[in-house]
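Assemble the complex: chain A is given as a structure, and chains B and C must be docked to it using the hints.
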Amino acid sequence: MVLQQKSIFLFVVAAALRLAVFYLFPHITSVLSEQAEIATPVSSYKRLLEGLFLYERGVSPYDGGVYHQAPLLLVVFEFLPPAAVFTLLDMLIAYNIATIAERLALPSPRFRKLDGGQLAIAYLFNPFTILSCLGHSTTAFTNAAITQAIASASTGDAFGTMFAAALGSYFSLYPALLLPPLILLWAQTKKVQLQLQSIVAPAAVFVGTLVLLLSVSALLVGNLWDVLISCYGAQITVTDLTPNIGLWWYFFIEIFDAFRNFFIGVFWIHLIGYVGALTIRLPEQPLFVISSLIGLITVFKPYPGISDVSLYLGLLPLYKHIMPLTRYTFVAASVLLYATLLGPAFYHIWIYAGSGNANFFYAITLVWSLGLSMLVGDSLFAVLRDEWEMLRPEMRGKDVRQI
Amino acid sequence: MGLLRSSLSNLRTSPRLLAVPPYISLLCMLGGIIWILLLPLDEYSRRTYISENALLPGQVHTYFHGTEQNIFRAYYHEVADVLEVQTKTAEDGSQQYMKATPAHRNERIRSIFHNSGIKTASQSYKYNVGGQELHGENVYGIVHAPRGDGTESIVIVAPIENFEKQLNTNGVTLLLTLARYFSRWSLWSKDIILLVTPDTSAGPQAWIDAYLSQHNPETVSSLTLKSGAIQGVIVIDYPFRHLFHELHISYDGINGQLPNLDLINTAISISSSQCGIPTLLQSQHRYAKPEHQHHYLNRLKVLGHGMRNQAIGHSTGAHSVFMPYHIDAITLTAIGQGREDEMAFGRVVESLTRSINNLLEKFHQSFFFYLLLQNTRFVSIGTYLPSAMAVGAGFTVMAIYLWLKSGYEQREQGKEQITKPTERDDGSQDKIERALADPNITNEQLLKQPSAGGVDRVKTKVWKSVDRHIALPAALLAILYLTSLVPMAILVTAEHETLLTRTGALCTVIIMVPVGLSFILADNTYLVDTNILFGPSTAAISANGVPKDLPEVGLITTDSSPPLDPSTRLTQFHAILKALSLLVLGLQITVLATLNFSLSMFLGVLCSPLAFTGYYPSSPLRARASLISIVLFNPFVITNFAIMGAKLAGYYDDSFGMKEVLRQWLEAVSFGWSVWGAWGVPVGVFCVWLPAWIVAAIGVMSSFIADEDGTIKNKVEKVKEDMKGGVQKVQKAAVRDSSQVRKRKK
Amino acid sequence: MCSLLQQVAQGASKHNAMMFLTFLYLAACLVLTTLATDYFERLDLTPLPLGSLLASFEFRSNETLSAYNSQNFRYFPRSLGQVLQHADTKELHLRFSTGRWDTETWGARPWDGTKEGGTGVELWAWINAENEKEAMRKWITLNQGLSGLFCASLNFIDETRTTKPVLSFQPAGTHTQNGSLHLLHGVLPGEVVCTENLTPFLKLLPCKGKAGVASLLDGHKIFDASWQSMSVDVRPRCLTGQECLVEIAQTIDMVLNIARAKRPRGDPIPRPVQPHELICDETKSYHNHETCYPVDALETPEWSLNDVFGRPVAGACPLCDEEGPEAKSLCLHVPHSQGVWIGAGGFEVRSGPGEREKRCWQLVPGERFDFDMPKTSVRTHAQLDLTDELITAERTMTGHGAAKGGMRTVFTNPSSKDPVDIVVFESLPWFLRPFMHTLKAQITDTGFPSEWEVIKDVYYRPAVDRKRGTQIEMVLSIPPSSTVMVTYDFEKAILRYTEYPPDANRGFIVAPAVVRILNQVDATGNAKAIYIRTTSLLLSLPTPDFSMPYNVIILTSTVMALAFGSIFNILIRRFVAFDEVPENKLSKIVKTSRFRIALLKERIMGKAGKKE
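Residue numbers (our numbering), protein chains in the order written: chain A, 25 to 427; chain B, 11 to 756; chain C, 158 to 769.
SDA-like cross-link-like pairs, simulated, lysine to any residue; straight-line CA separation at most 20 Å:
no. : chain 1 : residue 1 : chain 2 : residue 2
1   : C       : Lys-561   : A       : Ile-52
2   : C       : Lys-624   : A       : Asn-247
3   : C       : Lys-561   : A       : His-51
4   : A       : Lys-70    : C       : Gly-563
5   : C       : Lys-624   : A       : Asp-281
6   : C       : Lys-441   : B       : Arg-118
Coverage of chain A stretches by chain C, computed from C-beta distances (three or more under 8 Å per stretch; other residues unrestricted):
no. : stretch
7   : 268-275
8   : 294-308
9   : 365-379
Derived from the structure by calculation, the hints contain no laboratory data.
Note that beta-carbon positions come from the ideal geometry of N, C-alpha and C, so glycine has one too.
Only chain A is shown next, with the shape it has when bound in the complex:
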């Protein structure tokens, strides 16, 4: 059993809190589910309902510009009450984090055994998590899949890893970027040498699952091509420019049409670039690579929401032992805090009060992204330095420089 008594109790409290709001204050839910920070075009619950409505009436939800989410979600919400689904998802994610934390064992002398319960609770009571759960952000599915993948990788279960990863990629594409570190993690826990043949099987599982899922979707809504275009095409070529906390929307509103495709390419390459770099530089710490990647993806993906952030903030404490080595965490934290409060204010000023223009909100998204990337970079620095100190123990606490 991963969790102790107290943690379980707090799990129950968290679940109760969510359910209570869902059923006692449905108004809050409906308001939150339309917030720009929570509901992006690819994770909005209102759009999901629209898709569901069309799907139940035999109209293909993908023959339209509103619904860009995976077909399986339709089936899920056709039968299950949303409140239960989202609460359970949060519980699952928290439980996975707990598992990962319990499994985690690092060579670093700073490292000390983690209490999984703590991390899980920290995730569950993180306001970002609560808000995005109350706001019915369907990113929760992706997050659940990712955490599940990590959890099974850290338990050395290749099949589970690949299946979950495939599921995540099916939901929202980008978890596929986490494959390399996931495989590394799995290999690390299984102590297998990474040769081609050792990877073949997992890869096969991944592809197989993906194919299976897609074919099921095809059966569900008929035209597979529409699904691909409307689900993943929309995410890759950013057609819907609804404001969110990311960097893409305003850029691609203002970009000149001639350069649009070029810059879309550049942005994606930039995002993918981190995968290789981090994986190659830190092959020993795939888990950290994964969490940093999630952080970076949260900053640089087309439609980020705060539930992506909540996942990153949930995984970051796995490496709390390197915190003494970080340099700007306080700055980053306060920057994020300011952006969190100023964002909605500026959105209101722009959209409702009409007294400010789009630049207000845009500026805040810039600040937010800076703060997050500062956090990622700082933790990265700390981890690297930790590694270095393992090589040269005498360098403990000395002032260092990078050249």
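Relative to the frame of chain A, chains B and C by itself:
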């Protein structure tokens, strides 16, 4: 680069630097206030100008004269007959006074509309505020633009009772005459909606809510007649019969939102340039002679009035309620004894309506954030915002300072504490306190300390970083902020009868909260380490601000640092609590500054003393000073001062007692909350000011209560009497202390 | 002969000479007497309440299908015909409208709203094509051609503004090849209709507005009207036992405010009248020479054709036939009791008993005609026995803010006993995203107690970003004497800054909803269509800052570069202890200078020391 970094790391540890932040934050706050005072100068304000070219103010000929006046006179008879109290002579020759019923009144107005071939409708509404029901009926007519497609509209409003509760007979008549006059033009590109409301507060709100279908159908009936998107609103207010001299333009909206500056400029330039009628702002006529409007003092007064209205965020006329829906609106009020007649007023409205009619896009060109100083000068956001930001920054600086201080302390290898040298070093004051509070430091050491020191010696000292236990303070702060919603809810929902009693009860409770809390906290055993629960988050922050280049840093991990002795824990607890609350305060001030500048400015100034109060168990002087400031700067005392001020300034005649004024204000707040959704004052006081004050108060109280050993008891009485004694006593105490200090110095 | 006729017709179209027309007319009568009437025109004048006047012009001309196909145009305008043939269009309906029809004052719409379009330009056509793609191609061609022909920006009707209604429109003509016919519908709600559209419209008429009732059509008067609608309908008609015809019907309907129309063209400003011209209510107690309660607005001043149209009728158009019921080309719908002074140049014929009272005049070619209508007192539309609308529809947007909103349409069925079934057709731009799961219909007030299912059926075609707009067709049934409110939420998309119009902050105009009233029958018992159109709406979208594409590109790129730079910097560099760092120039210089200073001090101090 390397050099820079090393010098930085040296700086980090130098005691001088630790001494600086309080001064910086003080500087920020003073700077912010001074900045505001500079604004009225010509160097910082700008001349107004019209940036929307489509408006073309005063470029059209106005034709509202001649026989239109005959019609006005006739309509005046009709309207006065139903609006004003009529004296009828009965058969027996006795005078009897009678006033027409609202229904009759509206019937008459509708008939006049109909007589000019205008479609009319009416809307009834009722609001229930504080147990009192408030109901009325709006009447409105729509002049369809003959060739328009009904996608846009202009609204002209005439409240029957204006903001000062005077009867606006002339205004309503003018509206009706203009309606007839406008309906004969074919050049309108937008429909013209002519609205007659019973009052300026609830009627317009009900109407605009229903127009945008944001209303509650149970209490406010829907509109049967609608038109397109409203582009602008003009309110006509002519509350007397005689000729007027100037036009007063009021523009403040609900929650301090302002109309587009272009609308105001257009009105001013039309009125003064085209029609030769002088214009006034912010009831200048009360305090400024027309020829002195450009004087610094008068500009400052206008600025002050504007900021006050913005901060309170309540209605200042029928126009205010349109602002939250991003509809630009102003009220034109006829003022003074002069030679301008209703036709001149009508021509101003005609020309203004023509200008708005010219608009191709909705108002978007000019400023939405501005402070007017005079009808031709304004300050734009870029110029005035820094002041509020500076004040907010002041709090943040203090927060960071306290945070750093709570993060580590100086020790030598081994457990015994040695404090820093203390010449010219206020920042490390509480080090001494800690030393005092620490039983295992002997007096000799204490005596030694002043002599001990010299910067070079600091270098030999080591900075021992302690991990911060933020769980308890964070939790306490969260609880405080959450519970601060309760008194707000109680006040805004109170029945008007029980308002005062409830407020009194609240005051006492709230005053007692910090005292009680500080008693609880004084007992160190309550400071259990709640780290288990909030482990990760604690860890995540526990090492912030730890100078990374200190030798031990490597060894320190969140769990392995030596446990702190209770008094240090207490000090640290208070430091962290204060730091967090100041951080939140600074944040709130900054965010508010973007939503409602004036409100955040006032709050910032009122809270500024709280930044410097703190937990000084062993320096009575500072403790007492803190006590004075928290007693002076708590919401209730300030409210009392405000009421006195208002009475002195002559807003209320002497028949009003303090209680009466207070009751009025509270009723206004609850009305604003429930009808207009004016959140400014309640949220500002209960969610920003009060929690910050309570935290400060906890610190101060604790410094009287908590001490090294069981001397809590006797302190308690002192604190209690201080509380009871209120201001004067405390001041006495302060005086006494200062004398003691002098003695000490000798 | 036909070829001769063509030349003549062209000649007529080139030069404006009556004799050509008369010659043409004679020739036509000479040769083609066998055919049914080939040209017909009519002006109906109906006084409305509040001093308004409804003038509806109608012009019809025929062409046999064979002649039409062989491009042998006589009355059918060649320019239009060729465009239609080029685009393979079998049936065409084109509408130009400005202003609003005021139902509650003016009663039911003329032509039951069938000849009327929503504000702006509306166009729908049945095009013969194998598949949708080809139909769309031909449709675009048609729009291009028409936009050139009518000086309207019809070429802006692209895929995103084109819809394919299923229930709302039925072909008015008789079609043989129904299988391959495609109905396409496009609308430009923002288009401002004005004289440049009227001129080509008149050019389509055989008499070119030189003779006949068309001679009354003057741009200044038409476009000063309170409401006006021009329509062009082309349809094939096959009467049994005759050869199929291609019929073109053009109508112009307008509601003139008589008082306004009578103002001299040079000075249209409604200046305050002189005191003696005021029409006051003398009964008022306060009435005196400078206090006047006006009563002029409600009554209709005296008027004549010359007053309201600026000119009298310039005789009949010689192309329409001289006798028979269709000859009477000018009708005034007033009761016989109403006196009208008519001038020369027209034979008056009064309507017989039974039908609605009116008097018509048969005009004579070349002779001007006018009449004087005396001042009439206040008359509500009950007194004018105007028929009421079967149903009233009002569409407004709810909510505020630039992110989302709601659509709210209110239908009122005044009739006390029979319910009304309607089809509501809405075509929305793609950047307005309706949420169909929020579609609700509620009966707000009703005198009809029992349960009622309002929404019978919904045809919904969701929008695709930048490709096609939303198309909603709802079949509703409105219970008797009740008001139904249909609402749904929508979300406003934010566009690329190049996709905004120059006046982005005005907002976009959303096309009016078309309401078709189902299963109605006319007097003779066969089914007829009745249409109502709501007003168009103004949709305000969130706007970016148009002035700073460069700034945005630069700032965003900077942020990304910072993140990228810092992270890769950390990744690729290796750690060394601070003291192991090889000295760089700067530090060297600093050190040496420090050393120098120390020396200097040393020396000075030394000297000082010596002195003592």
